[in-house]
Every structure is written in C-alpha cells, then in structure tokens.
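Residues 178 to 327 in our numbering are what the sequence shown spells out, letter by letter.
Derived by calculation from the structure, the hints in this document are not laboratory data. Treat the hints with care, since some could be wrong.
[Stated by the list, open to error] Result set (DSS-like, lysine-lysine): computed pairs, CA atoms no more than 25 Å apart in a straight line: (1) 187 - 301; (2) 319 - 264; (3) 274 - 264; (4) 252 - 236; (5) 264 - 252; (6) 187 - 274; (7) 246 - 187; (8) 264 - 246; (9) 185 - 236; (10) 320 - 236; (11) 301 - 264; (12) 187 - 319.
[Stated by the list, open to error] Quick list of simulated restraints, FRET-style, between CB atoms: (13) 323 - 203: 39 to 47 Å; (14) 206 - 286: 42 to 50 Å; (15) 185 - 286: 30 to 38 Å; (16) 260 - 203: 15 to 23 Å; (17) 273 - 247: 12 to 20 Å; (18) 322 - 300: 16 to 24 Å; (19) 311 - 258: 39 to 47 Å; (20) 248 - 273: 38 to 46 Å; (21) 326 - 251: 36 to 44 Å; (22) 252 - 320: 18 to 26 Å; (23) 186 - 288: 33 to 41 Å; (24) 190 - 248: 12 to 20 Å; (25) 215 - 269: 40 to 48 Å; (26) 300 - 248: 24 to 32 Å.
Positions of the beta carbon are idealized from the N, C-alpha and C atoms, including for glycine.
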Amino acid sequence: MKRKTQPKPKEITHTSQVRVRFVETDPLGIVWHGNYIQYFEDGREAFGRHHGISYLDQKKYGFATPIVKSSTDHKLPLRYGDIATIKTIYVDSQAAKMIFRYEIYNQNEQLVCTGETIQVFVDKIGEGDLWLTIPSFFMDWKKSEGLLDE
Numbered sequence: 178m179k180r181k182t183q184p185k186p187k188e189i190t191h192t193s194q195v196r197v198r199f200v201e202t203d204p205l206g207i208v209w210h211g212n213y214i215q216y217f218e219d220g221r222e223a224f225g226r227h228h229g230i231s232y233l234d235q236k237k238y239g240f241a242t243p244i245v246k247s248s249t250d251h252k253l254p255l256r257y258g259d260i261a262t263i264k265t266i267y268v269d270s271q272a273a274k275m276i277f278r279y280e281i282y283n284q285n286e287q288l289v290c291t292g293e294t295i296q297v298f299v300d301k302i303g304e305g306d307l308w309l310t311i312p313s314f315f316m317d318w319k320k321s322e323g324l325l326d327e
C-alpha cells in the first residue's frame, strides 16, 4: 500500500533588513536572545506592508492576530552595528491561522537564526473571540496572492 504524499504548502516570502542597535545587545556585546522575536516581528510587519496584509489591514476588518506559538533556533550571534537580513516566509494553511517562518542572516550571508510563529484570528469587535474559520478578508487576500486554486 502506497502512502499518500501531502503536497508541499504554498509559500510567499519577503526580505527586509534591520541594523542591530546598541540597546539590543547584552553585556557580552551580542544580541540578547529575546530580541530575535522582535526581529521576527520587524520581518512580519515588512511582509504585511509589502503584501497588503499588515496589522492595520487586519484591524480595518475588525480582526487581530495574536501569536499563540513561537520558536527560535540560534546558530550564530549578531553584534551591535551588524546589518541583519530577515527572510519572512508565509506558509499557507487550510486552517484559520497564519504561519510564518523566519531566516535571519548576518552581513556575511551566514544563517544566524531560524524561527516560526503561529497567529490566530480573533474578533476585536466582540470579546476577542477566536475564529475557527478563515475570515472572508483573509480568503480574499489568499486568492489575490495566488494561494488558492480557483
């Protein structure tokens, strides 16, 4: 009996850059590990502005997308003054959630950190109820980005 292989989920990427600020480093002169989550958010916001699905776009439709899971895997340090390149990858899902993967590179194009965040849809107009179905505005966005087969 052959095992059914699942098709690889569709992905959309965007690349942005940030310069490491002094305040983001620890006494050892390297970026404190907690700041990588902020770099993920920087990448996610740049992705959203570029692809028309920013937090402000979501708010316009009465939704918020809080993070319910995050993970990081640190490979090399970043230091004050480094320019980090953040590759933000949206991974399509059939569920009512947004999955983003991240790759952060230093100015020598070495992989510094990888990670993932998962966000869900909550209705801000009501009591912040969790949506178990994909909101129509997000379905429209997925169609406009070529993520859905017509």
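Evaluation of the provided hints:
1. The straight-line distance between the Cα atoms of residue 187 and residue 301 is roughly 28 Å, outside the 25 Å bound, and the hint therefore fails.
2. The straight-line distance between the Cα atoms of residue 319 and residue 264 is roughly 20 Å, inside the 25 Å bound, and the hint therefore holds.
3. In summary, the hint linking residue 274 to residue 264 is supported, as the alpha carbons are separated by about 20 Å, within the 25 Å threshold.
4. Taken as a hint, the residue 252 and residue 236 pair is broken in the structure, with Cα atoms around 35 Å apart against an allowance of 25 Å.
5. About 15 Å separates the Cα atoms of residue 264 and residue 252, which keeps this hinted pair within 25 Å; it holds.
6. Annotation: proposed proximity of residue 187 to residue 274 holds, straight-line Cα distance about 14 Å (limit 25 Å).
7. Straight-line distance between C-alpha atoms of residue 246 and residue 187 comes to about 21 Å, which keeps the hinted pair within the 25 Å bound.
8. Between residue 264 and residue 246, the direct Cα distance comes to roughly 19 Å. Compliance with the 25 Å bound is thereby established for this hinted pair.
9. Restraint check for residue 185 and residue 236: the C-alpha separation of about 30 Å exceeds 25 Å, so the hint is violated.
10. Of the pairs offered as hints, the one joining residue 320 and residue 236 holds, with about 19 Å between alpha carbons and a cut-off of 25 Å not exceeded.
11. Between residue 301 and residue 264, the direct Cα distance comes to roughly 29 Å. Violation of the 25 Å bound is thereby established for this hinted pair.
12. About 11 Å separates the Cα atoms of residue 187 and residue 319, which keeps this hinted pair within 25 Å; it holds.
13. Distance hint for residue 323 and residue 203: a CB-CB separation of about 42 Å, consistent with the stated range 39 to 47 Å.
14. Under the hint 42 to 50 Å, the C-beta atoms of residue 206 and residue 286, about 21 Å apart, miss the expected range.
15. At about 25 Å, the beta-carbon gap between residue 185 and residue 286 misses the expected band of 30 to 38 Å.
16. Distance hint for residue 260 and residue 203: a CB-CB separation of about 19 Å, consistent with the stated range 15 to 23 Å.
17. For the pair residue 273 and residue 247, the supplied restraint of 12 to 20 Å holds, since their beta-carbon distance comes to about 18 Å.
18. Hint check: residue 322 to residue 300, Cβ distance near 23 Å, so the stated range 16 to 24 Å holds.
19. Evaluation of the 39 to 47 Å hint for residue 311 and residue 258 yields a pass: the beta carbon distance comes to about 42 Å.
20. At roughly 20 Å, the beta carbons of residue 248 and residue 273 sit outside the given window of 38 to 46 Å.
21. Evaluation of the 36 to 44 Å hint for residue 326 and residue 251 yields a pass: the beta carbon distance comes to about 37 Å.
22. The hinted range of 18 to 26 Å is not satisfied by residue 252 and residue 320, whose Cβ atoms lie roughly 36 Å apart.
23. Evaluation of the 33 to 41 Å hint for residue 186 and residue 288 yields a failure: the beta carbon distance comes to about 21 Å.
24. Roughly 19 Å separates the CB atoms of residue 190 and residue 248, a value that falls within the hinted 12 to 20 Å.
25. Range check, residue 215 to residue 269: Cβ separation about 25 Å, and the 40 to 48 Å hint is violated.
26. Checked against the hint of 24 to 32 Å, the C-beta distance between residue 300 and residue 248 comes to roughly 27 Å, which is consistent with it.
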